[in-house]
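Please build the complex by placing chain U on the supplied structure of chain C, with the hints as guidance.
Residue numbers (our numbering), protein chains in the order written: chain C, 94 to 383; chain U, 82 to 205.
To be clear, the hints were calculated from the coordinates, so they are not data collected in a lab.
In this text, a Cβ means the ideal position worked out from N, Cα and C, and glycines have one as well.
Here are some of the chain C residues that sit facing chain U, going by a computed Cβ distance under 10 Å:
id: 1; residue: Gly122
id: 2; residue: Ile124
id: 3; residue: Gly263
id: 4; residue: Gln266
id: 5; residue: Asp287
id: 6; residue: Tyr292
id: 7; residue: Lys307
These are the residues of each chain, in order.
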Amino acid sequence: MQDVLKVEGLTKQYEDFMLDGISFSLPPGYIMGFIGANGAGKTTTIKLIMNLIKKDAGTIEVMGMDNIREERSVKDKIGFVYDNAGFYEELSMEQMKNIISRYYTRWDETAYKRYLKRLGLKKNKKIGDLSKGMRMKYALAMALSHHAELLLMDEPTSGLDPVIRAELLGVLQEVIEEGDCSVFFSTHITSDLDKVADYVVMIHDGEMIFNDAKDRLLEHYRLVKGTQGHLSNLGGQRLIGTDRLPHGFSALVADGRAAAKAAGEGLVLERPTLEDMMLYHVRDAAGRLV
Amino acid sequence: MDIIISNASDQPIYEQIARQIQSQIVRGDLEEGALLPSIRRLAKDLQVSVITTSRAYEELARDGFINMVAGKGCYVAAQNEALLQERRLKMVEDSLAKGVETARNMGMPLDELITLVEVLYREE
Numbered sequence: 094m095q096d097v098l099k100v101e102g103l104t105k106q107y108e109d110f111m112l113d114g115i116s117f118s119l120p121p122g123y124i125m126g127f128i129g130a131n132g133a134g135k136t137t138t139i140k141l142i143m144n145l146i147k148k149d150a151g152t153i154e155v156m157g158m159d160n161i162r163e164e165r166s167v168k169d170k171i172g173f174v175y176d177n178a179g180f181y182e183e184l185s186m187e188q189m190k191n192i193i194s195r196y197y198t199r200w201d202e203t204a205y206k207r208y209l210k211r212l213g214l215k216k217n218k219k220i221g222d223l224s225k226g227m228r229m230k231y232a233l234a235m236a237l238s239h240h241a242e243l244l245l246m247d248e249p250t251s252g253l254d255p256v257i258r259a260e261l262l263g264v265l266q267e268v269i270e271e272g273d274c275s276v277f278f279s280t281h282i283t284s285d286l287d288k289v290a291d292y293v294v295m296i297h298d299g300e301m302i303f304n305d306a307k308d309r310l311l312e313h314y315r316l317v318k319g320t321q322g323h324l325s326n327l328g329g330q331r332l333i334g335t336d337r338l339p340h341g342f343s344a345l346v347a348d349g350r351a352a353a354k355a356a357g358e359g360l361v362l363e364r365p366t367l368e369d370m371m372l373y374h375v376r377d378a379a380g381r382l383v
Numbered sequence: 082m083d084i085i086i087s088n089a090s091d092q093p094i095y096e097q098i099a100r101q102i103q104s105q106i107v108r109g110d111l112e113e114g115a116l117l118p119s120i121r122r123l124a125k126d127l128q129v130s131v132i133t134t135s136r137a138y139e140e141l142a143r144d145g146f147i148n149m150v151a152g153k154g155c156y157v158a159a160q161n162e163a164l165l166q167e168r169r170l171k172m173v174e175d176s177l178a179k180g181v182e183t184a185r186n187m188g189m190p191l192d193e194l195i196t197l198v199e200v201l202y203r204e205e
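Just chain C, with the same shape it has in the complex (with noise of 0.2 Å):
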């Protein structure tokens, strides 16, 4: 099946700052979770996506179309969600509604009004008193009313409670449930990606740390605690992170089953979250630069 979005070898090069070769696929009816610290360079990807900033190198399609050269066509299959997402703060949700409707081929009055409801929005009330919480949940209602083949959203859970961040992700399950719309969403909470993730790419320093299945990560990947004694005997395993600790080690492996044969008895694994697969792999990251 066609992948809603491909990004193969995505190059940006700024002063201080290379997105170097990013390449990623998201098929239809998925969740793709995009993370990473502060500075990783994900905002940038994304805005690369929307052609919002020019690419240096690589190419980006959605629906197999090219990004730039069939620029419109791409935009009226995203929805787009991003902090401050350019609403007018004096208008009504009503009248932001009227003007951003009208560049969608596709709008659909009727699920507009469905996500609201859904949402539990008032549609007089006035952007600038909406909370944060409402704003996002206002720019998901316009992302969704017109069709959208890809949800595309950056950063949407920062600065949620967790609350609404759990509304949002139930709101995300409905979205491919029937299995033609994708989602792919930034995040540095990847606690939020833990649930429903189907894919989970990790990019650090602008390159690309790991692309796979979520399911299959977590199966594979172990955090391993240990004595010196076990970290010599692991001397042939890559060891992501490496933190010694006055009596011991811990680190994460790509591979528990072979770390576990290669230390020998008392090794002790443990299931990595996604947070602990960001922290070692930032830690090893910084290791290898010192």
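Leaving out everything else, chain U in the frame of chain C:
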């Protein structure tokens, strides 16, 4: 259909789902021909990823518990009574095997173990 997922469990989530559906089929709570929720519906209801529920259903289909009919849905497969009996036996055997191993590692003699099983069986 009841499925309870534990995030603290060491068992992967797809396996938790597959095992629970499997035991409901083996016990007869889910009958032959019963329509299961779609992969995507189940993912939404359980708040897990679609890949997780796909994997659970794939395992169930592979082991002959359900049939996946493209475009139609997933149904509980016809269970051969002899096969079902064998599966029930296998489930008991798997659980017992763990206990037996622990007993052996601790040096507990067989007759003591048998007495223990008898006590446990009659307890309820």
